[in-house]
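Chemist: Listed below are the residues making up each chain.
There are 2 protein chains.
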Amino acid sequence: MERTALVNQIKSKQSFLCVGLDTDPNKIPVHLRNREDAIIEFNRKIIEATKAYCIAYKINTAFYEAMGSKGWEIMEQTVKEIPSTHLKIADAKRGDIGNTSDHYARAFFETIPFDAITVAPYMGADSIRPFLAYENKWTIVLGLTSNSGANDFEMQEMKSGGRLYEKVFEIAAKWGNINNLMFVAGATQPKELNRIRKIVPDNFLLVPGVGFQGGSLEEVAKHGMNKDIGLLVNVSRAIIYAKEDEHFAEEAAIIAQQYQVEMNGLMSSR
Amino acid sequence: MERTALVNQIKSKQSFLCVGLDTDPNKIPVHLRNREDAIIEFNRKIIEATKAYCIAYKINTAFYEAMGSKGWEIMEQTVKEIPSTHLKIADAKRGDIGNTSDHYARAFFETIPFDAITVAPYMGADSIRPFLAYENKWTIVLGLTSNSGANDFEMQEMKSGGRLYEKVFEIAAKWGNINNLMFVAGATQPKELNRIRKIVPDNFLLVPGVGFQGGSLEEVAKHGMNKDIGLLVNVSRAIIYAKEDEHFAEEAAIIAQQYQVEMNGLMSSR
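Sequence lines, in order, name chains A and B.
611 is the number of the first residue of the first sequence in our numbering; add one for each residue after it.
611 is the number of the first residue of the second sequence in our numbering; add one for each residue after it.
Bound conformation, chain A alone:
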């Protein structure tokens, strides 16, 4: 998906919501669990219910891999259920030596036609470049994450100045451009978004941590929004597990719409 198409979707829907399909077989409603296609059916219903209010879906590969090869089949089928208007993100956090990352890029950009993938920066340029080589695909580099472990390395100060995560933004930004490179920037540290926007004023940021993890959408918008909005705010658990009974999809729609309404307000008032 091209940047223009993404920005147009955001502006026409007045939403920068990404719905995270972190689907756990033990958390879906009981009435679905005995079905052979339980997870697919759950995902299909969530997508159907929320697609008017979001512009992207993010599939967290861990939840599918826990089910083995069957989980990968479900992931393949789920991607087919996502409308072509929506950005399809593989939240896979991959990264390996160049020869190996070639294969990961093929896995997530060709074998399964995702539009975007999250990647880990630790191993440097050659571990990320194979993803950036694809046209009209997005590589989303982990910058500053939303978890407590971010303090262990990401927030540590470098001898040359700044924190490790700032170096990652600075250096990785040069590997791609604003049309193929995004960064992960956690909502739980909204103040850091000011520093991040100084380094990458124009790149899109994928922002996890709103909802269950406690990040504030208002704070994220205040510190992270740019002239093209430039944000994809992901909400997973707070939407997909909003209700545990047969009305889960209706409730997911209600919560997704609440986020969309709040986003509309934040987009209008900037």
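No wet-lab data here; the hints were simulated from the structure.
Be aware that one or more of the hints could be misleading.
Identical copies go unnamed one by one, so any copy, or any two together, can satisfy a pair.
Stated by the list, open to error - When the alpha-carbon atoms are kept at most 20 Å apart in a straight line, the in silico DMTMM-like pairs for lysine to aspartate or glutamate are as follows:
id	residue 1	residue 2
1	K623	E828
2	K680	D712
3	K637	D712
4	K777	E767
5	K637	E651
6	K637	E861
7	K637	E767
8	K808	D838
9	K769	E780
10	K690	D855
In this text the structure is predicted, and so the values were computed from the model without any measurement.
Given chain A, work out where chain B should sit, using these hints.
Modeler: Structure of chain B alone, referenced to chain A:
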């Protein structure tokens, strides 16, 4: 697999060789390619031919994921082909927030019964702890990798002293112990192994980069070996693609044996 069992295997076989099953459908011998079970058959033959000379097998998940859910099935089947005497490593380089890493740990320690998994340290403690919670399983943290991109972040100096990769060894070593935690340390930077051994004298190191990537086994042994040997040296392409015709397995055995003989010499002369 317990540490004692691993050390015993190494000593009785006089080998610390790990064979990397980075099996690429486009690189296996032509006579196998038309078979439905081409990759399984290739892996089976490689395992059969090399198992006397090695003590571990490492499956690089990227090569299997490039084939989608079918590739995951092949990975599941390949793990079943590995004898229980050998350490089964998922080279997956996973890592995510704790809630998500739980699912990765399940994927690679339960759904597929690997003995060990490689993980990326960038996201810190809570991204790694779910793996360490498993008994008799090994978590292998990326420390210093064998690729050129290692210079981008891993080799950068920290304000508090030392390089980033040294911090990773220092801090991650505290999350586990020598019975459940190993580190990746690339053979292409053997001099750094001296620094690494000062930080983690007793942990096992998984060492990629010997063979095709040009690392020297002798240098690795000189700078990295400890009293329990403490090394798993991985060779992938130089063994599994040693010959491209129907004699690929015999040639793989010959090369694997050459490494074993060299390792025997290095173990005896220390």
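Chemist: Find the hints from earlier in the document that the structure breaks and name them by number, from lowest to highest.
Modeler: 7, 10
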